[in-house]
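Protein chains in written order, with my numbering: chain A, 1 to 118; chain B, 119 to 515; chain C, 516 to 881.
Hints are computed from structural coordinates only; laboratory data are not their basis. Where hints are given, some of them may not hold.
To be verified - Okay, the calculated beta carbon distance ranges per label pair:
hint	chain 1	residue 1	chain 2	residue 2	range
1	C	C550	B	L194	22 to 32 Å
2	B	D248	A	V103	30 to 40 Å
3	A	Y61	B	F140	23 to 33 Å
4	B	V160	A	V103	24 to 34 Å
5	A	A83	B	E208	50 to 60 Å
6	C	R723	A	G105	44 to 54 Å
7	A	W53	B	W132	50 to 60 Å
8	C	F555	B	F422	38 to 48 Å
9	C	R723	B	V487	34 to 44 Å
Stated by the list, open to error - Covered stretches of chain A (chain B as the covering partner; in silico rule of three or more C-beta atoms under 8 Å from a C-beta of chain B):
hint	stretch
10	16–28
11	61–69
12	79–85
13	91–101
Glycine is no exception: its CB is placed at the ideal position from the N, C-alpha and C atoms.
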Amino acid sequence: MLSDYVFIGLFAIVAAIFPFAGFAVSYLVRPKRPDPVKSDVYECGMKPIGEAWVQFKVQYYLYALIFVIFDVMSVFLFPWAVAYHTLGLYALVEMCIFLGILVGGLIYAWRKGALRWV
Amino acid sequence: MAFLSDLLVNLWNWIAVQLDQFLPSWATALVMLFAAAVVIVVFLLLTVMFLTLLERKVVARIADRIGPNRVGPFGLLQPIADTLKLIIKENTEPAKADHPVFRLAPAVVATAALMPYAVIPFGRGMVGSDVNIGVLYVISISSLTVIAVLMAGWGGGNKYGVLGGMRAVAQMFSFEVPLALSIGSVALLTGSLSLVAITEAQRKLWLIVAQPIAFLVYLLCGAAEANRAPFDIPEAESELVAGYHVEYSGVRFAFFYMAEYINMFTTSAMATILFLGGWQGPFVERVPILSIAYFLAKVYGLVFLMIWVRATFPRLRIDQLLDLSWKVLLPLALMNLLVTAVVDKVAAQVRLSSTLTIGVFWGSNLVLVGVVALVLYLSYRRKRARGLNPHYQIHWH
Amino acid sequence: MLKTQTITLNLGPQHPSTHGLFRMVLTMDGETIVCLRPVFGYLHRGIEKLAETRTYLQNIPLTDRLDYICSMTNNLAYVIAVEKLAGIEVPERAEYIRVIMAEFTRVVNHLVAIGALLNDLGTFFTPMLYCLRERERILDLFEMTCGARMTCNYMRFGGVAADLPEEFVPQAREVIAGLYYWVDDLERLLTANEILLVRLQGIGVLPRELAINGSVTGPTLRASGVPYDVRKAKPYSIYDRFDFKIPTLDEGDCYARYLIRLAEIRQSLHILEQALQDLPPGEVQTKVSRLLRPPPGDAYACTESPKGELGFYLVSDGGISPYRFHVRAPTLINLTVLPDLVRGLRIPDLVAIIGSIDIVMGEIDR
């Protein structure tokens, strides 16, 4: 059981080393000639006007908020789905209620216009 | 003959036995695990290199061109030339960038793209690690990509990058939910989250037969997660130039490029395992080495489908994309899960035969498709009443 | 709601979908465009001033370089203006050849416009390359006739530079037949495509009044429901001899502009068939001095170029070069409505609108 995770850990290490090995090889062979124009931010060939790091539009975060709710739901959902065959009718009813509440939330967000891109 | 029929696995065991003679057993195990990880990573790298060639060739054929044909026979050495070129290219870095974030992002994206393969079964007995939460592991690792993409977009200090990163976050989050739900119905039917167990459960019948809707939802969401057309808005070249990786060049860009193709491969591999029976196929029991061929054939079939879509369709707008996810795919996947649960329980109570159960699943899926088509048609009618006319009338003067 | 800062973004000059070197300074709230300020001039070559120092004949190649996709129609508009100024007659066969070339150019332009629009929408080059493939067949015809594919320099005062080669007419018929089939094919691929519909319908609606007030011309105007086409309104050359219709649509959005181009390709093919049928034998050029000295005075000639009303205004002081040479570039004037069209839309819509207006910077900046 634990050895399964040993492999995942090893694999993660290999997967993490690999990009850095790539960087290292490239570092040895690539030219390094920075100049002020080259290290300017690309904006279609013009000097950028203003800053890119601004207080960004809130719309994107609204989706992230709704996502968090549904992602938590999927955490509950997977154990339920896996054990479904061993559970009785009770599990079905319970999950219906749970999903019903979530769908209510979705409909609420929908009606409130949180899912409408402005 | 028996050795040849399961060549790869037997070869592997043979090496392990040889090593065992002059190493302590724990060291052998460690070396073999390490070697397995390296083999998988190298395999993926080669796959990705030739996926880029495959994509260029297929897109070229669809567009009535020849595609790369200068470097090597049929352009076969083109990916190697590309890789070399990217490695020896200078890395430009904006002076205004958030340097640590900017430099770390390609490494994170490459690592996140590779990690799912620790649990993916390539063939019978050919799996890195058969953990009992394989599906959950793959889902959670692939959402790491979102963080890397946001790091890249934000770290470059570029407005196109920031816009692309923001789009990527909104898009990947939104499609993650129906994706998880469509997998939920698979978990429900097979009673497991282990990828090997899910594959084994499809020995008689592929799950796509019982779950066509879940398959479609998964494929759409997977394409969106992998930033494939028509969902490639975070890097839309005609709008945001290159989106989140606009400031990257050289080897750093190469890792973004690589990750994109690995993600496409992951999506296809997962769809194959979950719905198309993974490595299952005729004669797998007798000749296990066929299993990896079946697996790769199915995966490449789906990859081809994705390339085909990319060569054919325009891309959607971000609001339409999010609407698709939240207002069509999410309700559809939810309904599918509920219907699956109900049908499964009822079938178990009534003791239907398995063929009949499949038929009932088909029927319920058809009903679902009908309901969705009806709802879409009604909303389409409403839109039409608001002035969106599908058939423009040309007047002749 | 939290406070959102707007960002100012340069879209262009070096951007894949600005069709040349065009810069738009966008003020954006997230993805929504609050304000757009177009900046021209990155491709300015001073053609109008340059033309004042060259002879009338030497100016024909300059017009090739205005709208470099349709050099034939540019040539045509210029030579008609000079002929008007100097009172030159054109032989009948030359008029037919001019119409044939102009209509082929219209097909070429609309193909490029549709292909580029699809590219802007994010199709990975497939429709673009299909369009370019068909365009090549027409360019072969141009090459056969005048030796050049893009900058043709073919029209002359009082006719055209050279007669059609023998094999032109059969090959042109073949190309036309192929195009009829292929336009249907393109429509099957694109017109009913769901993604294309949602991306183009209701986007960038140009109301009829705004189109007229903004003096918009060409397919962009006709897509807004105004049946104005110089070929019908003020017939030049021999357009009054052909049977063709002017398509219009009432919607005025990007999709209407796309449909109008497809319809115009078919009408052009129809004109071409008639012109090839009626093509008379005879001379293709009247004798005109190479060092043309038109009498003092001025002339304005307008033609229906594929992109809109292309006019040349020439003033002569009796010398060998024009005293004033002005181009009424259709796309420059069509582009003036852009800031009104995009307000409140998003970047992808902006890209689609630019693609559907069909601009060429060579003509705008001159």
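Hints that the structure is at odds with (numbers, increasing): 1, 3 and 4
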